[in-house]
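*Asks:* Quick note, the sequences are listed as chains A and B, same order.
With this note's numbering applied, the first sequence corresponds to residues 1 to 314, in that order.
With this note's numbering applied, the second sequence corresponds to residues 1 to 162, in that order.
Keep in mind that the hints were calculated from the coordinates and are not lab data.
Warning: the hint list may mix true and false statements.
As the list claims (entries may be wrong) - Just a sample of chain B residues kept apart from chain A, beta carbon distances all over 10 Å, derived: (1) I21; (2) E50; (3) P59; (4) Q78; (5) G115; (6) I125; (7) D129; (8) E130; (9) S137; (10) R144; (11) E149.
Said to hold, decoys possible - Residues from chain A that face chain B, not an exhaustive set, calculated with beta carbons under 10 Å: (12) G36; (13) A39; (14) T41; (15) P50; (16) S51; (17) K106; (18) F175.
For every residue, glycine included, the Cβ atom is placed at its ideal position computed from N, Cα and C.
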Amino acid sequence: MRHDHLITSKQLSRGNIENILDHAAEIDDDPSTVAGRHAETLLGLLFFEPSTRTKMSFETAMKRLGGDVVDMGPVDSSSVKKGETLADTVRVIEGYADALVVRHPKQGAATMASEFVDVPLLNAGDGAGHHPTQTMLDLYTIRENAGLDDLTIGIMGDLKYGRTVHSLAYALTNFDTRQHFISPESLQLPREVVYDLHQQQDGAGIREHDSLEAILPSLDVLYVTRIQRERFPDENEYQKIAGEYQIDADTLEAASDDLTVMHPLPRVDEIAPEIDETDHAAYFEQAHNGVPVRMALLDLLLSDDKGIWGDSDE
Amino acid sequence: MSDEHDHHDGDADHELRVSKIRDGTVIDHVRGGQALNVLAILGIDGTNGEEVSVGMNVPSDRFARKDIVKVEGRELSQDEVDVLSLIAPDATINIVRDYDVVEKHRVERPDVVEGVLSCPNAGCITTGDEPVTSRFSVLEDGVRCSYCETIVREEIASLIDT
Ligand SMILES: [Zn+2]
Chain A
1 MRHDHLITSK QLSRGNIENI LDHAAEIDDD PSTVAGRHAE TLLGLLFFEP
51 STRTKMSFET AMKRLGGDVV DMGPVDSSSV KKGETLADTV RVIEGYADAL
101 VVRHPKQGAA TMASEFVDVP LLNAGDGAGH HPTQTMLDLY TIRENAGLDD
151 LTIGIMGDLK YGRTVHSLAY ALTNFDTRQH FISPESLQLP REVVYDLHQQ
201 QDGAGIREHD SLEAILPSLD VLYVTRIQRE RFPDENEYQK IAGEYQIDAD
251 TLEAASDDLT VMHPLPRVDE IAPEIDETDH AAYFEQAHNG VPVRMALLDL
301 LLSDDKGIWG DSDE
Chain B
1 MSDEHDHHDG DADHELRVSK IRDGTVIDHV RGGQALNVLA ILGIDGTNGE
51 EVSVGMNVPS DRFARKDIVK VEGRELSQDE VDVLSLIAPD ATINIVRDYD
101 VVEKHRVERP DVVEGVLSCP NAGCITTGDE PVTSRFSVLE DGVRCSYCET
151 IVREEIASLI DT
């Protein structure tokens, strides 16, 4: 059975993930192999929440495959403000486009939207929920830099609201990984996510910490996310906490020489610019990987003979 | 089995404190204090003239205290019984016709409940104006929103969409 939507990384088996990453690597090596493959294809971009980067990366990916995009425009001028439901919007745009990309501030939005359409739908972020295409480019970057097996990864910052973190953590349970979650107590992983991770991996390899110090030397990858000021009612409280989850060259003295530092971007001050020039920094490479990875996803999703989930039912 | 409703648990005396019904449903072995939530799930608030008797915190052999709900003139559907299991997992349902128990069911936990509970997560797509029916999968020890994946383990009764 083909499932033509990508809503959460939980849908993906190890085989699915490797299939996507291998295809992304082929495209990365030689983009001409897929150039023009999806001429005539229109991708509908429905961003109910601003995200220039993710949107541009999808747009670039579709155009490099020979297709084009239709875009509902910036959120404040769109029908959202006029009170149209997401369900109605996707049913309308489905009539124009061959596939849809949805970003929406509410959790579960992509799941619901997918129930109203017959064209493939990709979740590009639903509130604090999921962001599976980001996860694919994260995994691609991790595989290139550190490999996906026998991996020790630290994931640090706002783990509570960070959908990229949740998606990544789920996907990593398919591999031989030890995951360390580092955050202030108030921004720990939601209990739902911990519950799922324990279900998927019997709790083995999942640890939570409030400080990076003790585990930093053992890490192959450190994935940093931003702690948002607006999560804290008190500015002082924010300043106190944020400082403990920022890294600079001094912090990394204790790290392995091979440590790969990642960040979904945009960053504010959680990674000092002095790290950019070191071999640790992989976050710009990570951002660039968005295009070949999204090209691979779109190509698999839009090709009748392929399909991301073609081999997932064994 | 015709006299069973007088003898289960051996607490028939206590049960008699609540009037016998002629035709309808007796929901027995509801956990103490949950009777009003059972009525809420069934959408029974008395405004339609239903004859309802409630016994709360009556002594029981099986639990220290239990509640009993008797509804005259109404036989519960399987769907209603399934949903009851969320707050009254040990309940027994007796369908009474002409003062005799003609059917007796234990509640069974369904895999999914639709349109019964509302999601407590304000950030969930089901809490807006979308044309979507709430859906929760039933876990061993709670329920989980099929859209935002929020898990609720306690106070499930407070989510009942009345
Ligand atoms: Zn929900």
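*Asks:* Please go over all the hints and tell whether each is borne out by the structure.
*Replies:* Tested hints:
Every beta carbon of chain A lies more than 10 Å from that of I21/B, the smallest distance being close to 42 Å; the non-interface claim holds. With 10 Å as the threshold on Cβ separation, the claim that E50/B sits away from chain A holds: the shortest Cβ distance comes to roughly 36 Å. Listed as a non-interface residue, P59/B keeps its Cβ farther than 10 Å from every Cβ of chain A; the least gap is roughly 37 Å. Distance check on Q78/B: its Cβ is at least 25 Å (rounded) from any Cβ of chain A, clearing the 10 Å threshold; non-interface status holds.
Interface exclusion of G115/B from chain A stands, the closest Cβ pair being 14 Å apart, more than 10 Å. Some Cβ of chain A comes within 10 Å of the Cβ of I125/B; the nearest lies about 4 Å off, and the non-interface call is violated. For D129/B, the condition that its CB be more than 10 Å from all CB atoms of chain A is violated, with the nearest at approximately 6 Å. At the 10 Å boundary, the C-beta of E130/B falls inside the reach of chain A, the nearest C-beta of that chain being 5 Å off.
The beta carbon of S137/B sits about 12 Å from the closest Cβ of chain A, which is more than 10 Å, so the claim that it is off the interface holds. Chain A draws R144/B into its interface by the beta-carbon criterion, the shortest separation being 8 Å against a cut-off of 10 Å. Not every C-beta of chain A lies more than 10 Å from that of E149/B, the closest at about 6 Å, which undercuts listing it as non-interface. Interface restraint check for G36/A: the shortest CB-CB distance to chain B comes to about 37 Å, outside 10 Å, so the restraint is violated.
At a threshold of 10 Å, the smallest CB-CB gap from A39/A to chain B is about 34 Å, leaving the interface hint violated. Given hint, T41/A at the interface with chain B, is violated; its Cβ is 28 Å from that chain's nearest Cβ, farther than 10 Å. Given hint, P50/A at the interface with chain B, is violated; its Cβ is 17 Å from that chain's nearest Cβ, farther than 10 Å. With 10 Å as the threshold, the beta carbon of S51/A stays out of range of chain B, its nearest partner Cβ sitting at about 17 Å, so the hint is violated.
Annotation: interface hint on K106/A holds; nearest CB of chain B at approximately 4 Å, less than 10 Å. Look at F175/A: its Cβ only gets to about 22 Å from chain B, farther than 10 Å, so that hint breaks.
Of the numbered hints stated above, those contradicted by the structure are hints 6, 7, 8, 10, 11, 12, 13, 14, 15, 16 and 18, listed in ascending order.
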